[in-house]
Amino acid sequence: MGFRFYNTKLVGHAVTIPAIHIEQVHKRFGSLEALNGINLTINQGEFFGLLGPNGAGKSTLINIMAGLLKPTQGKVSVMGHDVVHDYQAARLNLGVVPQELVFDPFFNVREMLRFQAGYFGRGKENDAWVDEVIESLGLTDKAHTNMRKLSGGMKRRALIAQALAHKPPVIVLDEPTAGVDVELRQIMWGFIKKLNAEGHTIILTTHYLEEAETLCERVAMMKQGEIVALDTTANLLNKLAGKNLRLKLNAALPTSLLPLLKNGENGIYTLALSELNQVEFVMSELRKAKLNVEDMQLFEADLEDVFMSLVGGNMDSK
Amino acid sequence: MNLNKQIDGAFTGRMDIGSWRGAYTLFKKEILRFWRVAFQTIASPVLTALLYLLIFSHVLESHVQVYKGVPYTAFLIPGLIMMSLLQNAFANSSSSLVQSKVMGSIIFILLTPLTYLQFFCAFLAAAIVRGLMVGLAIYLMAIWFVDLPIVYPLWIVVFALLGSALLGTFGIIAGIWADKFDQMAAFQNFVIMPLTFLSGVFYSIHSLPPVWQTISKFNPFFYMIDGFRYGFFGKGDISPWISLSVVAAFLYGLAWLALKMLKSGYKLRG
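From first to last, the protein sequence lines are chains P and V.
Counting along the first sequence from 1, when you hit position 73 you're at 73 in our numbering, and nothing is skipped either side.
Counting along the second sequence from 1, when you hit position 37 you're at 37 in our numbering, and nothing is skipped either side.
None of these hints come from the bench; they were simulated from the model.
Do not rely on the hints blindly, as some may be mistaken.
Here are the computed lysine-lysine pairs in the PhoX-like style, where the Cα-Cα straight-line distance is at most 25 angstroms [what the hints assert, rightly or not]:
1) 101(V) / 180(V)
2) 70(P) / 263(V)
3) 70(P) / 267(V)
Generate the whole structure from the sequences, applying the supplied hints.
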């Protein structure tokens, strides 16, 4: 143990300090337990997904990281800095894109970004970075446009730019693509992936699970204030998702296969298989029922399947 | 993954803590915020004060003399300057805060490493600047029409600064407390407005019945206006030192309350 301790110290600050460390965090709003003993560590350089249905506690957790809410109990640190006791250092290291489309109506995009960087102690030396953010998010044409006059999509870009204005090592994106078009998503993810490749830690919450599946190396799934799954995206898919078997039949699905049915309409049925050898069982049941299979496809389940099996099926169970 | 990779130009720790650059940026933004709508925030109160001056001086000039040898119009000007200065210092911090709370843009400030003291100082300094700008503009306009003496310039500066600071602080408290524009309007109409009008802007409290004289002495606005006026004429209803003590005590008390609210995150951080 002693050797390990000294060795760890020699390896250096960046390796030993996680980007985000959350320890036994509870948050109560009156009688509502919004967060119930969350433990989570996100390493530097990760692209991390925080998923869950509305009301699961994702935004509450993000607001605690950002210092907008205080935990009722427990500790949160950003790059090793406690968000309550060492809040200045914690906030210097964090950039948050809020979920709501909020803006200051008095200023244009470039002014807002320069002000935002200025609040973090950055001056003219940061202007080149601000210009890079503006260009990378496709805001160059709107740099001198008042925030009030921007469209919803442009306001969303400006909001992302504001979170990046001080070039924080840890970036939290709370539903950044909610209600935005495909073009912005592509521009935005291109830029965010580039930042991640440069070493920035990215924490993403999204309702678009295919985005999380494509982008996130690791995900945590939350339900009713608790983390119900935490693993690499690949492991979650392997362990929990299994396979999907899509069948086109000339008649109704035999009742013996109904427990496997995920969805079915117009004679096309998707069955969720936990193991590959269930295919044989399905085929034998179809033969027994003397049904013709007009088409068949076997494909990997996705994060949405994992999500539904963990948090989606019984949202009101508490 | 990119563990241990240095991000070019990113913050790496404590390097900028303790810097007041962030507070200066917030101050600059607050100045620019009211300057962008200067017609509403500067020109409009100046015009209102000049209309008061025009009407009251026209009606009362030949009927009222508060101090011997001081025409009523001259007596009125410092009161009007101070009234506008106080109202605008209050309006600046309160409206900025309540607007950013209602619109949600306050989050851009709450996410930053600014301390509660820096937050307070930035909003307060901007409120003082707006109060002084309005006051100075009224003074410069008024001296075109009226011969206004200045006996003790230092008292004028002291009370202008303390008055705008006190109302700027009051505005911060009101802005944090109010959740809606109508709450702020109620605060302005039922607290600030009566306190300013019943403070001796248009009269000396010696002209009031004894009961109202006593009540006026509980009004901090009276001390600010009387002390400010003393700087112009060398005369007042009360010693400027007493006024200074009362105003300083109120400023201390309100600043303590505002800082306590900001430190605890009252209505700003859950």
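Hints, verified against the model:
no. : hint            : in the structure
1   : 101(V) / 180(V) : holds (8 angstroms)
2   : 70(P) / 263(V)  : holds (13 angstroms)
3   : 70(P) / 267(V)  : holds (12 angstroms)
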